[in-house]
Amino acid sequence: MRTPFLALIKWVFLLALVTLSSAMLTKVSGIWWVAYPCACVAGMLLRISWLGILLAGLLSGALLWLLPAMLWIQSKGLDFFIALDQSMGLPGHGFGFLFGSALLGGLMNTFGLVTGQSLLRLIKPKSMKKKYKIPDYRA
Amino acid sequence: MRLFRFIFWLLMSALFFFVLVGKVGPYQKLYVWFNPISGLSPQEKLPDWQAPPNQLAGLKSSVDVYIDSTWVPVIYAENDWDAYFMQGYVSAKWRIFQMDFITRFAAGRLSEIIGPKAIDLDKKQRFLGLSYAAEIALHAFEQDSLSKLAMDAYTAGVNTWLSQVEDKDLPLECKLLQYKPAPWSNFKSALLLKYMADLLTGSVHDIQVQNTLSDFGPEFVGQWFPDYNPNPNASIDPQKRGSTSIPDSIKAKDPFSSYLNKITGFEDPTDGLGSNNWVLHGSRTATGKPFLANDPHLPLSLPSIWMEMHLVVQGRPVYGVTLPGAPGIIIGMNDAVAWGVTNGTVDVKDYLALRLTGQHPELWSSGDVKLTDRFGRDSTIAKNSYFSGHGWEPLSYRKETIDVKGAPSQSFLIPYTKFGPLLRETVKNQHGETLRLTFQWTGFEPSNELRSFLLLNKATNVEECLMALSTFKCPPQNFVFADTTGDIALWQKGLLPNRKYDVGKWVGDARNPDHLWQGFLPDSISPFIKNPKRGFVFSANQHPTPSPYPYAYTGFFELWRNQRILSRLENAKQWDFQDMQALQMDSYSEEAATLLPLMLEKLPKQNTPMYDSLLQWDYVYRAHSQAATFFHQWLYAFEQRLWHPLNPELHEIPERWVLPHILKDNEDKYKTWMPKDTGSVSQWLLEAFTFCQDSMVKETWQSFKATKIQHLARLEGFSVKAIASSGHHTAPNAMTPTHGPSWRMVVSLEPPVNARVSLPGGISGNPASEAYYQGIKDWSYGIYKMVVPGKIPEHPKFHWKCAPLSSP
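Chains L and W, in that order, are what the protein sequence lines are. First residue of the first sequence: 1, per this note's numbering; consecutive thereafter. First residue of the second sequence: 1, per this note's numbering; consecutive thereafter.
The set of hints was computed from the structure by calculation and includes no laboratory data. Predicted model only: the values in this text are computed from it and were never measured. We put the CB at the ideal spot given by N, CA and C, even for glycine. Hints are supplied without guarantee of correctness; some may be wrong.
Partial list, computed: chain W residues near chain L (C-beta under 10 angstroms) [to be verified]:
| id | residue |
| --- | --- |
| 1 | W9 |
| 2 | L10 |
| 3 | L172 |
| 4 | C174 |
| 5 | Q178 |
| 6 | A722 |
| 7 | A768 |
Not everything, but these chain L residues come out facing chain W in the computed CB check (under 7 angstroms) [unchecked claim]:
| id | residue |
| --- | --- |
| 8 | R47 |
| 9 | S101 |
| 10 | L104 |
| 11 | V114 |
Based on the sequences and whatever the hints tell you, model everything.
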């Protein structure tokens, strides 16, 4: 039980790290792609399974890119996004644009995490191997 | 292996970035749309509420701007410059995309932001010559100090906003198209006014009537398209002003260009434009002072073609609607006068066929021809000549370049005759000669409509209003006025060509001097009324004068609305706001009241619910009436059968005023005029009735009419569909699927001047803003809001104070 619990903690930590740091940097800088280096750095901090990386990346990116939209929906409803979808020729009753936004944000962070993780494994393979024996759950 | 994995993911990341910044299918730079900071989703953050900086470079004194509780900007300024500067600033803040898009459309420059899809549309626009017309107008505007000051200040205001705006705060449409609007200029304001002139005068029936003439002959056209319909109520008595002698107008020699073959490739003229205005004298109102009403019927769009604006300069207010892109108020009121306009619908654009000679290279390919314009800039090469009336004349050329987003630019030459652009379309005569088409338009004449509006804004009585119109030429408009002293007036003002009789109804022959304009009619003989005995003036796009009028003019004049308005006004006693508003919202159709009894008389009695409902119908196009839908369909189906030898896409269909005569007693006469005798009126009525009854889904009028307010750039999601509304184009409440009263205004001239107004759409062009859809519901139900020019808003949404930028 200990190992999956540890993985869950790491996974949540990663998610929060990527989301918050990139959200803050994006907001401050006004530059959308700072999320990518944030995710790279996060990917280098912890070794985690590929599945964890994928989930953390997709979720953090989706949260980051959707946050403004979610706040808007909370206060005003979905009407604007329904109109936006219709205008862009997307189906989905207002979710087409949102889904697209979440997917792109998620992919960006996933690519950031996976690149960071590959870099980590490239530069610190031995020490990592010592510290983290390849856990069974990773398969 | 690890190195390979790292490089692989790095490359994958690079590929992903390439997709975001590159082109995917029809979409470019996806990151711009999906950017969480400046993309489409945070559109609600567009700064509706964001104040301008406390100090603005360009202002001369401090300015107070209130945004009132209905989002109308109220600008308090110490001088004209500051008022027009801030008008430009706030117009750009809320409507910059509209201003940019419409002027691009007018100039034929949409390809720059849309890409190759818009090239054909741009070419079509270039051949209308609106930029050429705007250059001429701008020259006139800039000769006049009042107009120049207003335009310079307005342009400075727009450009100040553009210089301050960040990309993330640009309109949604700019983000979708991924461009930033270009700086504003006085030329664009002139172009906007020419766009409006073209909208109101550019759609003429000459080609359709010419085709009817070619296919059915002069006798047929003479019978079905006379100069005047026999409607006895459709006139405004002309009153002579001044002592200009009346020139002789005689019939043209050989008025018919029947030697021409059919002309194809032209779009049907756009109908549906029309407006109402009327003024009641104090003798007919409850207050003892005049009431003025105006509702211009224009294409309904979001954002609205109009923008409400309230300017107060040195304590003198002016309130009304303006065109985003032009300074001043176009329709409105101040503390002493009110004015309104309807379209004159007089034909001021004539097509001419002409023969070319000289070298005959492809005229519209690019080449080294030097160019000239009206002001003698550059030089002309006479590549071709054309024969016009008195001899051969050289063509001049304008080089046009269409820059295309994502594709190479296209350059070509447009030849100009002394009349206007030479069109690409050709027509053959009966000898097989190929002729070119050109057109002459009063919009190409130097004029200054802007000065007229600026002076109206400041007028203190009706006489000053009349003087303000001295430079107003195109489009001809029926202006109505009222002032607080009790004077009322109507003047149809505009430049009208002096033609021979029958000229201008179809395509003229440029070789025939009688087919050319013989100068222009003087203002002194234009239709005018001041303080008439009957106690009101009105116009609804009908014939401005009765048939004995001694000058030849032609046009496309309204038939039914004016009759209803006239009958209501004749009975007006002690009218107040409620009565005036009720007439604007009146959906009673004089057409239905005239035609339906005659149609039912000729129809064998039917034992169906629809027949019974028609018998009981009161001719009011109510939103929930099914009888209204059925009658509309039945009449249309009957007309199709009646005029079946004519092709509506090519020929002109006779106006509906002839129907009562055919239905009453002239069926035999009708048959002799028609080229084929293939049935009887009764038979077609029955056929049409049965067809409608069998095929028509029972729909309410509202659902059948399906009035829609379309987004300016045709983005469906941002349009408003199926608006709950009554009305019909033959009723005072002239609502159609795409057109309608774009502004309703009723003004009481009892001091202090106050008004009830209604506008379909709010100030903002941002679909995510609450001020985008504002007012549509009230407008559809005929609910007005009260306004008082000069009154400081009691509960403004915002109050901004701006001072001139102090020197460092």
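*Which hint numbers doesn't this structure obey?*
As far as the earlier hints go, 4, 5, 6 and 8 are violated by this structure, in ascending order.
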